[in-house]
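S.K.: So you can see what is in the structure, the chains are spelled out below.
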Amino acid sequence: MIDKVFDWLDARTNYREILAPVRNRVLPHGPSWWFTSGSCLLWVFVIELVTGFLLMMTYSPSTNSAWASVHFIEQSSAGAFIRGVHYFASHTLIILFGFHVVRVLIAGAFRAPRELIWITGLFLFPLILMLAITGNPLSAGQHGMAQIEVEGNIIGSTPVIGPILQRILIGGDEVGHLTLTHLHFLHVALLPFLVIGLLVLHVTQVYKHGITNDNIGETSQPAMPYWPYQTIRNMTVLAIVVGTIAGLAWTRGAPLDAPADPNLSLMPRPEWYFRCLFELRRYFTGEWEFVATLIIPLTVMLFLLSLPAIDRVFPRRASLVLRSLIVVALVGSWAGLTWMSYATDWHDAEYLASESDSSDLADRARELADHQQIPPEGAAALLHADPKTQGPLLFARHCASCHSHVDPQGKGIAAAEPSAPNLFGFGTTTWIEGMLDPERIASVHYLGKTELAEGEMVSKMQEMFDGVEGDELTKLREQLHKVARTLSAEAALPAQSEGDKQDADVIASGAKLLAGKLHCIDCHHFREQGELGTAPDLDGYGSRAWLLGMISDPQEKRFYPDDHNDRMPSFAKDQQHPDRNLLNPRELQLLVDWLRGEWYVPSASTTLESPATPIPEMAER
Amino acid sequence: MNESISNLPGLDAASMNRRAALKWLSRLMASACSAVIAIPGVSYILTPLLGRRDQHAAVVQRVARWQDIPVSRPMQFPIVGNRRDAWTVHPDEVVGRVWVVRQPGQSASPAEGQVLAFSTLCPHLGCAIQQDAKSGQFVCPCHKAAFQHNGEKVSDQKLGRKNHAPRGLDALECHVVQDDTTQEWWVEVTYEKFEQGLTKMVKKV
Ligand code: FES
Numbered sequence: 001m002i003d004k005v006f007d008w009l010d011a012r013t014n015y016r017e018i019l020a021p022v023r024n025r026v027l028p029h030g031p032s033w034w035f036t037s038g039s040c041l042l043w044v045f046v047i048e049l050v051t052g053f054l055l056m057m058t059y060s061p062s063t064n065s066a067w068a069s070v071h072f073i074e075q076s077s078a079g080a081f082i083r084g085v086h087y088f089a090s091h092t093l094i095i096l097f098g099f100h101v102v103r104v105l106i107a108g109a110f111r112a113p114r115e116l117i118w119i120t121g122l123f124l125f126p127l128i129l130m131l132a133i134t135g136n137p138l139s140a141g142q143h144g145m146a147q148i149e150v151e152g153n154i155i156g157s158t159p160v161i162g163p164i165l166q167r168i169l170i171g172g173d174e175v176g177h178l179t180l181t182h183l184h185f186l187h188v189a190l191l192p193f194l195v196i197g198l199l200v201l202h203v204t205q206v207y208k209h210g211i212t213n214d215n216i217g218e219t220s221q222p223a224m225p226y227w228p229y230q231t232i233r234n235m236t237v238l239a240i241v242v243g244t245i246a247g248l249a250w251t252r253g254a255p256l257d258a259p260a261d262p263n264l265s266l267m268p269r270p271e272w273y274f275r276c277l278f279e280l281r282r283y284f285t286g287e288w289e290f291v292a293t294l295i296i297p298l299t300v301m302l303f304l305l306s307l308p309a310i311d312r313v314f315p316r317r318a319s320l321v322l323r324s325l326i327v328v329a330l331v332g333s334w335a336g337l338t339w340m341s342y343a344t345d346w347h348d349a350e351y352l353a354s355e356s357d358s359s360d361l362a363d364r365a366r367e368l369a370d371h372q373q374i375p376p377e378g379a380a381a382l383l384h385a386d387p388k389t390q391g392p393l394l395f396a397r398h399c400a401s402c403h404s405h406v407d408p409q410g411k412g413i414a415a416a417e418p419s420a421p422n423l424f425g426f427g428t429t430t431w432i433e434g435m436l437d438p439e440r441i442a443s444v445h446y447l448g449k450t451e452l453a454e455g456e457m458v459s460k461m462q463e464m465f466d467g468v469e470g471d472e473l474t475k476l477r478e479q480l481h482k483v484a485r486t487l488s489a490e491a492a493l494p495a496q497s498e499g500d501k502q503d504a505d506v507i508a509s510g511a512k513l514l515a516g517k518l519h520c521i522d523c524h525h526f527r528e529q530g531e532l533g534t535a536p537d538l539d540g541y542g543s544r545a546w547l548l549g550m551i552s553d554p555q556e557k558r559f560y561p562d563d564h565n566d567r568m569p570s571f572a573k574d575q576q577h578p579d580r581n582l583l584n585p586r587e588l589q590l591l592v593d594w595l596r597g598e599w600y601v602p603s604a605s606t607t608l609e610s611p612a613t614p615i616p617e618m619a620e621r
Numbered sequence: 622m623n624e625s626i627s628n629l630p631g632l633d634a635a636s637m638n639r640r641a642a643l644k645w646l647s648r649l650m651a652s653a654c655s656a657v658i659a660i661p662g663v664s665y666i667l668t669p670l671l672g673r674r675d676q677h678a679a680v681v682q683r684v685a686r687w688q689d690i691p692v693s694r695p696m697q698f699p700i701v702g703n704r705r706d707a708w709t710v711h712p713d714e715v716v717g718r719v720w721v722v723r724q725p726g727q728s729a730s731p732a733e734g735q736v737l738a739f740s741t742l743c744p745h746l747g748c749a750i751q752q753d754a755k756s757g758q759f760v761c762p763c764h765k766a767a768f769q770h771n772g773e774k775v776s777d778q779k780l781g782r783k784n785h786a787p788r789g790l791d792a793l794e795c796h797v798v799q800d801d802t803t804q805e806w807w808v809e810v811t812y813e814k815f816e817q818g819l820t821k822m823v824k825k826v
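Line by line, the protein sequences give chains A and B. For the first sequence, position 124 matches number 124 in the working numbering, and the numbering has no gaps at all. Numbers in the working numbering are just positions in the second sequence, counted from 1, shifted up by 621.
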C-alpha cells in the first residue's frame, strides 16, 4: 500500500532518480571518523536555524523591548533551553569549523578539482563569525551593546569606506533602535541566506567530487556505501556534540546581562574567538590599527584562498610539510594571542572588578524584572529607579571626594582623601555609637578629618569620659547605648524596624537621658527641647526627610548653618530650578534611599503570579 | 540543444534579426523592472547616510557652580539633553559626560577663572575615560590610552608602552559665566561629539 503511494509520487516527481546520488553514495576508500566533521557542522547549523526560527517568534528588536523580550523568552516554556542551545551551538559551530579546516588542510582536500569546495568553505567562515557578531548584541545587554559599539568603531576606522559602513550598520552615529533592527536583519535574513546559498554550492560540490583523504590513514580499506557505514559515524559524533550542547544549555543556559545603559560603563572585551584580534591590536596603534583588524585577517584569508594554486608548485612531500606548518602556525598564533589576551585580563584587578560588578548588575536586573513589571520604557528603567544600582554611582560621583562608604572589612567606596565621615551604616545604632565614643568620633571615620574635630561635639564627648572609670564607665556606656538606640530609631531604617518595636522601652529611656542627664539638648534640638542653629537637629535624625534636607542644603538652620558647615556643598538648594542643582530630585531620592538601605528585595514568598508591591527591606550585607 | 532550437521550422533567416531584437528588449525590460526595485532599495539601505539627519546641535549646559569645583581635581558631570533614537525621543536624558578641570591660579574674580572641559569619550574607540587617582592621569579602561589632566596624551616613552590614543582628549568649549538673576558663577560647557580614531578632531555630523 505504502509502496504504491511512493510509486505514484515517483512517477510524477522522479524523486528516486533525484535522490539516487544521496542514497547510493559510495566511499571509494571506505568510511572514516575523519569525515564526520562536515556532516556535524551541517547539522549543527540546521539546529541553529531551527532554534533561531523559534526565538524569532518572541524576540522584538528595539532598545525598549529587546532585553525585555529576551527575558520573556527565558521565562517561556522551554525558552531558556532553546536560547541556551542556540547560544552554545553558535560556539560549537566556530570550534567545529576550526577542526574542519584543519582536517581539510592536512588531507589536502582543496586540490583540483575541489577548489570550489575549499573556496566556498572559506567564505563560510567569516559569515559564521558575522552571524555570531550580529547575534550577540541582540539581547541589548551590557556586553553585547558595548561590543557592537566598539566593533562599529573598528569598522569606522577602516580607511575610506569604514565610516560609511559604520553609519549604515549602526543606523546613525549612536547605538539605538536602528542598530538592533539592522543587526536583526543581518542575523536572521541576509547572513543565513548567504550561508545557505554557499552551503548548497559547497555540498553539491562535495557530492560531485567526493570526500578525499589523501594523507590520513584508513585509505587501504575497500569501497563501501556511505549509508549506513559513514552515517553511523556521523551520527555518533553528532550525538556527542548535541549532547554536550544540550547539557550546557540545560545546566548553564545562555547568559543574559543587565540591559545596556550608557551610565553603567564596563570594560568591553570581545568573545573568545576574537580575543586574538583584540590582542593583535595592542601592537598597532593610531592610524595603523586597521592593519591588525583588517589587513592581517584579510591576508590570512587570501593566502588560504590561493592555497590550491600555491600548493601546485610544491612536490607532494614538501606540500605536506608546508600544510602542517600552516596548521601549526594558524593554531599556534591563534592560541598564543588568545592566551596572552586572557592572561593580561586575569591579572587586571580593575577588569575583574568590572566583570563582577557587571554580573551583580545582571542578577539585579533579572531580579527586578522577575518580580516587578518592566515598564514601557524598557528594562533599563527598572535599574534607573533602583537605589541599590544607582546609589553607589551617585555616591561615587558626588560624595566620594570627601566621604567614604566602606564596611568594617574595608569593602565599598573609599574616598581618595577622606575628609568627612564614613557613611556606611549611617543612622544605625552602631554608627551612632561610634559618634558617641570619645576615640572613634575623633577618628577618620567620623569627624577626625573635618573642622568639627576641633568643635564642641568632640570635646564634649571627651569631657564626658574624662576620669570616668570602672562601674561608672560601664554605666556611661550603657546610657550612651540607649541614646544611640533612641537616635537610631529616629532614622526609622527599614532594616531596624523590627528591632525598634521590640526596644521601645530602651528607646524611651534613651530619650529621657538625651534630654536630661547627658545634656545633649544644650546644643541640639530634640522633641520641642533645645534650640536649632547650634548643632544638627536630632528630631528624625537620619530619617529620609532629614537626609533629603541635609544633602539639599547643609547650611539650613536645622543642620549646619553659617560657619558650622565645613565644606559640604548644597546639592539641591535651588527649588525653582531643580535642574540647576548638582543633584536632581530623582537622584537625590535614590541617593538617600541607598544610604538608608531602602530598596526592593524580593521576599521569599513573592512569585510571578502575584507581583509583590515593593517592600523595601535592608539587604543582608 | 542550440541546434535544435535554431532548426525549428518557424524560424527563417528573416526572423533572426527580429529574434535578436526581442532578446535585447527582454533584457532591457528585465533591467528596468530590477531597477524599479533596486534603486529605491539601495537608497533605503543608505538611509543613515542620505535620510534625515538629526542635527547634532551642540548642547550648551551649565554643569556646576564655580565654587563647587575643586582646583586641579577632575570632576565629572553629566550633560542632559533630548536623545533621539530613530522613532523615539528620550527627553532629558544623559547624552554625554564631561570631565571638568579647574586650573590653579589665584583669580580675583571667577570671571577670569581658567577651566578646561573634556568629553569623556575616548578618542580611540569611544569608551568612557576614567580618572586614575594613582597616576594622576585620565585612563581609558578599554585599551589603556592615557591622558594628562590638561587633555594631552601621555607620550609612549613616559607611559612605557604604546598609547592607543590617536589624539588628546576632545577639548570642549568652556566658560565661566554669571547667572543674571542669582549672580552666581557657573561653568558652562558646549558639548559636542567628534569622530573616533582620527588624529584630528572632526565633528560628528
Ligand atoms: S577606546 Fe579608549 S583606548 Fe581604546
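There may be inaccurate statements among the hints.
[What the hints assert, rightly or not] Subject to a maximum C-alpha distance of 27 Å in a straight line, what follows is the list of computed DSSO-like cross-link-like pairs (lysine-lysine):
1. A:557 with A:449
2. A:460 with A:517
3. A:573 with A:517
4. B:765 with B:779
5. A:411 with B:779
6. B:755 with B:824
7. B:825 with A:411
8. B:779 with A:449
Just so you know, these hints were derived from the structure itself, not from any lab. In this text the structure is predicted, and so the values were computed from the model without any measurement.
S.K.: Within a Cα-Cα threshold of 27 Å, do residue 460 of chain A and residue 517 of chain A meet the stated pairing?
M.R.: Holds - the C-alpha atoms of residue 517 of chain A and residue 460 of chain A are around 14 Å apart, at most 27 Å.
S.K.: For the pair supplied as a hint, residue 557 of chain A and residue 449 of chain A, confirm whether the alpha-carbon distance does not exceed 27 Å.
M.R.: 23 Å, holds
S.K.: Take a quick look at whether residue 825 of chain B and residue 411 of chain A sit within 27 Å of each other, Cα to Cα.
M.R.: Cα-Cα ~41 Å, so violated.
S.K.: When you check the alpha-carbon spacing of residue 573 of chain A and residue 517 of chain A, does it fall within 27 Å?
M.R.: 37 Å, violated
S.K.: Given the proposed pairing of residue 755 of chain B with residue 824 of chain B, does the C-alpha separation stay at or below 27 Å?
M.R.: Given that 27 Å is the threshold and the Cα spacing comes to 32 Å, the pair is violated.
S.K.: Given the hinted pair residue 765 of chain B and residue 779 of chain B, is their alpha-carbon gap at most 27 Å?
M.R.: The hint holds at about 14 Å.
S.K.: Can you confirm whether the C-alpha distance between residue 411 of chain A and residue 779 of chain B stays at or below 27 Å?
M.R.: Violated, at about 33 Å.
S.K.: Are the Cα atoms of residue 779 of chain B and residue 449 of chain A separated by 27 Å or less?
M.R.: 35 Å, violated
Checked against the numbered hints given earlier, this structure breaks hints 3, 5, 6, 7 and 8; the rest are met.
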